[in-house]
Amino acid sequence: MEDRVVINGFTVIPLKLNKQCKSCHHVYLKEHSVRETDAAKPKDRTLFILNLPPYCNEECLKRLFSDCGKIENIHIQQKPSSSAPEVKNRFFKSAKDIEGFRVAYIVFHTPAAVKKAKQFKFDPPRILSTDESPVLTGMKKWCQEYKASLPNVHALQKEIDAYMEEFDKKIQEEAAQAKEEEGVPDDEGWVTVTRHSKNKGVPRTEAQEKRVTQREKKKRKEKELLNFYAFQVRESKMEQIAKLRQKFEEDKQKISLMRASRKFRPY
Amino acid sequence: MPLKRALSEKEPQDSEENGSSDESEDEGDAYDISAAMSNIKSKQKNLKKSEQDKIGQNGATAQPPPKMRKVSKEVLYKQPTNKELNELKEAENLFHSSLFRMQITELLKEVMLQEKKKHQVEAYLYSLKDAIMKTPGGKEHDLVNQKWTEKKKIKVPLIQEPFRVKGKFKFIPPKSVKVVGSFLLGVAIKPLVSVDLAVEIPKLCIQPKDYLNHRYLRKRALYLTHLASYLSKQTDIVEDVKFSYHHGNYLKPIIIVSPKGKLSKNVKIHIHATAEDGAFKMNRFDIEKNNVRMQWFNSEKETEGDEESGQPATPRYNMSVLIDLALEKHLHFLHKVIEDSAGVKEGIALLRVWLHQRELDQGQGCFTPFTLSMYVGYLLKKRKLNVAMSSYQIMRNTLLCLAQSDWCKEGISIADVCGVDDPKRPHLANFHESFEVVFVDPTGYINITAEMSRQMFNRVKHEAGLAIQVLENSAVDSFEVLFMTPAPFIRKFDNLFHLTHIENLKKTVASFCLEDQLLDRGGNYVSACLPSLLQLLEKALGKRVELVTQKPAQASQWSISEPPPSWSDQPSLTFGLLFNAESCTTILDKGPAADSPEAKSFREFWGDISELRRFQDGTICEAVVWPSKTLADRRLVCGKIIKHILVRHAEIPRDSMHYTCGQLNSLLCLPQPTNKSTLLYGTGEEQNYNITRSYDHLCKVLRNLQDLPLAIHTIQGTDPVFRYADVFPAMPATFKAATKVVGGRQLPLPDKPCPPWVKSMKVVCLLEASGKWPEDAEAIRRLKAAFHIQLANLLKKQHSMTSYANVDHVDVFKDGFVFRITLGYLKEIAMLKMKKTPEGLVTMRETEESSAMEKELVTLPKFSTAMHGLQQQHHALSSVVRLAKRWVCAQLLGDHIAEEAIELLVAYLYLCPAPFTPPSSVASGLMRFLHLLSNHDWSLSPLIVNLNNELTNLECTEIRTKFTKERSTLPLMFIATPYDKNSSMFTKHKPTVPILQRIVLLARESLAVLQEQLMETHQIVDFKQIFRPPLDAYDVIIQLNTKNLARHYHAVDTTAKTFIPSYKEYSKGGEEETMPVVNFDPVQIYLKELRETFSEFALFFHDSLGGDFIAVLWKPAFFETQPFKLSHINCRAPVTDGENSDVSLKTNVDVILEDFKNIGTGLVRHIEVKKKKH
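Chains A and B, in that order, are what the protein sequence lines are.
Quick note on numbering: the first sequence equals residues 1 to 267 in UniProt numbering.
Quick note on numbering: the second sequence equals residues 1 to 1174 in UniProt numbering.
Do not rely on the hints blindly, as some may be mistaken.
Said to hold, decoys possible - Facing chain A, according to a computed beta carbon distance under 10 Å, are these residues of chain B, among others: (1) Pro-80; (2) Lys-83; (3) Leu-88; (4) Ser-97; (5) Ser-98; (6) Leu-99; (7) Val-742; (8) Leu-749; (9) Pro-1116; (10) Glu-1154.
FYI, nobody ran anything at the bench for these hints, they're computed from the structure.
Small disclaimer: the values here were computed from a predicted structure and weren't measured.
The C-beta atom is built at its ideal place from N, Cα and C for all residues, glycine as well.
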């Protein structure tokens, strides 16, 4: 048997939580190569890892792959993607938490490290949780998470203040820019109306547009004469009969449906 | 023809395929659980075949129905013919609606006999008649000499007490055999068509004095015996011969013949023996006459000299003979009035279906179908109905008249209406003296309702009233409710009450002095004392109940070689109580003033427990008080009253009374720790009031808070506990738990037992609108967090409440409870929906976040208010909701169906109770909940829960139409409310199709078990049985470490080892309060992680109320081997295919099982793999 197991270009290495575990997950490695490149995941220096178990964290990966070379960055994601993941805020999460099995991108300093990682031998299974740096699971993890879920109010307040300050600044800038551009036509001679302008105009929303069309419809309807000419009377009568028929037909269909599901056996 | 049928069968199948491809996501699950279900089915062998059929049906209902065909314009707008116009209009005028008309037509097709079948029956009747006419004559015997029956191995179908009687009997072939009753009138209905044959006993058989002392009854029975023995030998036309009592009347046996061949499935021939016309004079059996002599009855001696004078009248005996003499006359009368009108016949058939669904047409003293036909005849004669009416009108008007009549006070008489000229016939007043219910036949001598009790009539009247209400309410599907939904006795009544040891009733007869009745009823002491017993119960319960009735015993059939069953053979008598919701829990019965003359009789009635009391208005009255500490106790008061009164007045011993009421309460109680518990919990209702009180105070505090930058505009508790719908309302967190305190907050420790469950109760506060709010969703989030911090600070400063802020809530510790306050701002919802198109147009599109927030801030508060209001109207609602939730949780499905959905289902039982009244007891509520769950047609009709009656009829119709149009895109369980008309938000994501199928199956089984248990009188029943889930369907069971279960003491079954926290009354201590560990349930976190990780491979089931295991069911994906692709790579191991170098992926079972353990370190005790499937 070969030392290395490679399937479809993926190097396979077995992985387990701790020494006592008897069976292993199979992790698949490959160099990261996609058409659209991103600065956060440089093409030749990034290692792509699949099928990481839920308890595998950044620290474990660092330890496992530090032999290959210096690690610049690690991205753990739910699904493979070419772009960099969003930066997480400590208090206000914008993206969903990563659930279950995950993928990772390890960015090394040199391309040689990726090659080295690809040469990993199959045996023995790598171990995630060691005595020096244990991976917490179960009750221990949950107790810690409970503790973490209670925020430091001061830090939170600070973060809010900073954000709001920046936000206010942004708003002010926008307003200032709008003021500046007010009444100034663009290249084709159009003047943009914003809500900061003097003459605000009607807001451009869907609801507003609907309202306008409805108003017009109503106006048109008011002008029409109903049941005035003989043909109109005739038509409205016909309409009524058609309605009755329609209902009758629908009922008939309903009945046949019910009959099909044998709904008429009382007992 | 067969081809056509095959085609029509194929159609729905096609659509099923279409439907399943729409829900490809669920398809896998469907496969899986139905496989598991088949497993269950094979285990439960007692599942009847019919029920299996139904399951099959339900399986079909899981698929969306085919789309509606569109009617072409041409057809709609073509010139109408006169006939068509009439028909279209007629449907609206003569029937409820055209749909109703078509439904009725379909129903009648189902239940009425087809012409072809009728001819078959007729042909058969001819051959039977010939056989009967050919019966050979017998020898003459004394009436008491019945040795000949022994030779023929046949028993006389009559209880002959006292045995000795004079007279001789000789079998002479019948004078004639005639078909009478419903079959001839064409109103017989399936499922069991009974054709009544009257066999006329020739005059020659009858001696002049036969009217006396049961002689005619004996003769009739012997005649039938002879006939039965002959018929049982005619095996070429007769399949089986049995005896039965006609409508349970012990004096009137009949022969039931099952015809040979196909007919026997749904046709039975009832043979009555009657006396030839002119055998007796009618007025011999006048109601005031005595025809059974006291001396004979008591001493078994017959002396010719017995004079009639001075003897008590025997009206019931007389009627039972008379009805034989008038059979033919009645038939002629009905024939004449019905005039062969199809409308009338169909109307009667409909009414009979209605009666049958309510079990009113069965057993002794029932409202017989014959009575019904006669009543329609009476109304026709009275010109309340006419023969030109449609079946719907006949039915509706008959019900209306029935609901408005009172045959107990103002009896009705056909003879009077017809103006029968017979000076001898008795007056109505005379009938009222002897009978409780009076309906006199065309001859003027017979009371058709002689056997019926007042309570039975009241029940019928009550049901008729309900039916009229249903017909007037266009929001209800009246057809379904009136004709299709069975309303059996056990689900109809709120409480049941059984009497066992029937022989005790003999004493009761003596204590009521009912010897005359005993004489009249041929010694049947049960029926003799029932009227008095029921009257006694009615008097004792007074306003607490609307109805008290006894369940008529089912008419039994027995083989001709067996002795006839006696009244004392009944194992028990069952009574049903229908509560008056307002007053059934009163604990005080106020009597007359102490000095009034009635006081003595009141004291006499109640005995020692009656005492003098001074009331608030200054009067001093006799009163009876039923001490009860908790609300649960108050619901038992009726039982206490019944027991007290029956022991006192009817000499019935306590141990023969079984009152089923409080048994289910134990499931809502918390186990009490053996020592040092100081808090009264009961069924938790009192505790719930404590929480509400504390919450009200918190609201006051919040409203009066100073210095909040924006005012709070509404406060609304959205936790189930605020609408009295939490299974276990929280107890004050006064227990000691092993925790570490950091910054005033307790933290759980991994190596100590998990602290007991403390739930935070959600309160939503909406902030007022203001121009200062930014127009950006992210900024609003920051601002809200800032508000939360400020709110916590203010509560601490101004009211010194222990409160801690978090990003999206504030936790407040008050009176031992934790309230979680969330601030909301309505405009944020719009902000989340807003999206700008590239053209700069602002559009509103619903997103996941926006609908979640809308649910939280808008719908849930509205829903909570409405449910709270409903709970205020119906005191039992809360317990029913809680028990229903408990049942769902106990069946391990609590995580798979939203609790709001369960609440809505129960609310539906109260808003649309038809064909019942709103349930006033826990048991009836639970049964109807299970029935609704298992019998509602989820695939074809939406469940519209019209909270607060806010939906108009028009809106309801709109919801239905929209539902039918968009069926395939909507969830299988679709519930519409006024606040959520078309999206069914509480059932959108769960339950999934297979889960709902499983719930339906479990509900059906549980209902059957529960009903059986409620009728059980001879053993101690364990009502927890339906709260223990069957486990054989699951693949893996993860056993949990009980010391880390936060809610283990909530479990259905607790042991002595179970840790029960000792709760005390809350009192604010001097020392600094610490915030307990909130919402920390390791099992729930564990489950969440399992589901996140392995949702592709398995489903997880757990009883969130204290369960100590998790059940796992593999999904089909688990067993599949996939090709090597990135999308299938998770948790699979590569395998190579022998020589072929293709690599495929196989599920890594061992690693999954090991990960179950790894993820739940410290919580998982043991993993049990139940069966190897691969």
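**Study point:** Leu-749 (chain B) as an interface hint toward chain A, with CB separation required under 10 Å
**Key:** Hint holds; Leu-749 (chain B) Cβ to chain A Cβ min 6 Å, cut 10 Å.
**Study point:** Minimum beta-carbon distance criterion (10 Å), Ser-97 (chain B) to chain A
**Key:** 8 Å, holds
Review point. Can we keep the Pro-1116 (chain B) interface hint, with Cβ of chain A closer than 10 Å?
Key: 19 Å, violated
Check your understanding: For the hint on Lys-83 (chain B), does the least C-beta distance to chain A fall short of 10 Å?
Key -> 13 Å, violated
Practice item. Please verify that hint: Glu-1154 (chain B), Cβ, nearest Cβ of chain A, below 10 Å or not. Key: 5 Å, holds
**Study point:** Restraint check, 10 Å cut-off on beta carbons, for Pro-80 (chain B) near chain A
**Key:** 5 Å, holds
Practice item. Answer holds if the nearest beta-carbon of chain A is closer than 10 Å to that of Leu-88 (chain B); otherwise answer violated. Key: It holds, given that the least Cβ distance between Leu-88 (chain B) and chain A is near 5 Å, below 10 Å.
Point to revise | Interface hint status, Leu-99 (chain B) versus chain A (Cβ within 10 Å) | key: 4 Å, holds
**Study point:** Hint status (Cβ of Val-742 (chain B) to nearest Cβ of chain A, threshold 10 Å)
**Key:** Since chain A brings a Cβ to about 8 Å from Val-742 (chain B), closer than 10 Å, the hint holds.
Check your understanding: Is the interface hint for Ser-98 (chain B) satisfied, with its Cβ closer than 10 Å to some Cβ of chain A?
Key -> 5 Å, holds
The structure fails to meet hints 2, 9 from the earlier list, while all remaining hints are met.
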